[in-house]
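K.L.:
Sequence:
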Amino acid sequence: METGIARRGSPKALESRLHRGTNQSGMRDHNERLVLSLVRQHGSLAKSDIARMTGLSAQTVSVIMRELEEDKLLVRQAPLRGKIGQPSIPMALNPEGAFFIGLKIGRRSAELVLIDFLGNVRAMLQNSYRYPAPRETVEFVTDGIKKMRGELTPAQDKRIAGLGIAMPFELWNWADTAGAPRDIMDEWRHRDIRTDIQAQCDFPVYLQNDATSACGAELVFGQAGAARDFVYFYIGAFAGGGIVLNGRLYSGPKGNAGALGSMPVPGPDGKPAQLIDVASIAMLEKALSAKGIDGSYLWTSPQEWGEIGAELDAWIASASRALAYAIVAASSVIDFEAAVIDGWMPLDVRRRLVEAIRQAIAGIDAEGLKLPFVREGTVGIHARALGGASLPLSERFLIGPNTSGGA
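The sequence shown begins at 1 in full-length UniProt numbering and counts up one residue at a time.
Note that these hints are calculated values from the structure, not bench results. Quick reminder that beta carbons are idealized off the backbone N, C-alpha and C, glycines included. Careful: at least some of the hints might be erroneous.
Dumping the calculated DSBU-like pairs for lysine-lysine here, alpha-carbon to alpha-carbon at most 35 Å [to be verified]:
hint: 1; residue 1: Lys72; residue 2: Lys146
hint: 2; residue 1: Lys254; residue 2: Lys370
hint: 3; residue 1: Lys286; residue 2: Lys271
hint: 4; residue 1: Lys254; residue 2: Lys146
hint: 5; residue 1: Lys254; residue 2: Lys271
hint: 6; residue 1: Lys254; residue 2: Lys286
hint: 7; residue 1: Lys146; residue 2: Lys158
hint: 8; residue 1: Lys158; residue 2: Lys147
hint: 9; residue 1: Lys271; residue 2: Lys158
hint: 10; residue 1: Lys72; residue 2: Lys158
hint: 11; residue 1: Lys291; residue 2: Lys271
hint: 12; residue 1: Lys72; residue 2: Lys147
hint: 13; residue 1: Lys158; residue 2: Lys286
Pair by pair, the computed Cβ-Cβ distance ranges are [claimed, not checked]:
hint: 14; residue 1: Tyr129; residue 2: Gln359; range: 32 to 40 Å
hint: 15; residue 1: Gly150; residue 2: Leu369; range: 48 to 56 Å
hint: 16; residue 1: Ala155; residue 2: Ala362; range: 41 to 49 Å
hint: 17; residue 1: Leu347; residue 2: Val63; range: 24 to 32 Å
hint: 18; residue 1: Arg66; residue 2: Gly150; range: 52 to 60 Å
hint: 19; residue 1: Arg189; residue 2: Pro253; range: 20 to 28 Å
hint: 20; residue 1: Ser262; residue 2: Tyr129; range: 44 to 52 Å
hint: 21; residue 1: Gln156; residue 2: Glu376; range: 28 to 36 Å
hint: 22; residue 1: Val333; residue 2: Glu151; range: 42 to 50 Å
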């Protein structure tokens, strides 16, 4: 267990642990994280349930849960009375136990979200733009954090445990595709956005690829069901994704595992193309612009796009075919149980896209493969921002943390 001058259960000791970095001494004990992970997964558990699941002694579990309760990370539920013996008392996560901030830096918009220990959204801010600029992004984050923290009580503010940034790696490489001035985008090459934001925060800041972060949100906050191995696609301005293996987000030693946007797929003309150049929503906006239609509402109104017509039909057809090939190709490498599709789009569009993918897969020669079940994601349009917030949550409180870019 962690020790220090301050008494472990005191407010001062807890505040120190919440605001410490991610070196080993700053992380919670493995068994504590195991208990918190199980309680998060099951909603609530009694001490006897945890002892049975973990193989830890009843005494050890009792000590861990008492300390987590003293730290206000767990709360007691109503006793469950059986026919024999003392009633069991389930323990659940305390929503007020810790708070996390998530930042999504996208190619057409930025989002800042504050969540509690259960993943409930307490506050959210959004900024739409034609392209991301470093200085304006830092200003948005600075003002947003100040506003969010100003709406918390002093006790809540002390329980902010970290901020996670979800953004495309090597953002500057997509200047032409994003339609952004190359000199502005090139500023990202020379800026360490994590360091810039860390300088303004008294809690650790983490960094992860945006699509991988969205995959992490599906893992931590979504309804993944029994699937412990799945490939995940997030369709935003650009298409990307992530991989979950054995119930854990896998990003690889350099953070590029699951770089599905770069996967070669058949293009509209039948020639090889990258998934990002076919399935991205930027391709739909480009098609609308070619018809003289302003497609900016795709970024400002993701819940409702209205009637688009033939351009949307054509995009779903080409995107679903490319995604179908990507899923089959990924399945030839890893035996995935599921392929999850989510994105910055209305629910009815996501539903149409998933159904079209299933139909397209049926027309691909997949002999020798056991293909995964294709289903919709369960987090939705804010998956990247929530995935950013899940970085400090996972790194500091759960088993099998996301592999981040450091803190």
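K.L.:
Let me make sure I understand: some of the numbered hints might not hold for this structure. Which ones are they, in numerical order?
P.N.:
9, 13, 16, 17, 18, 20
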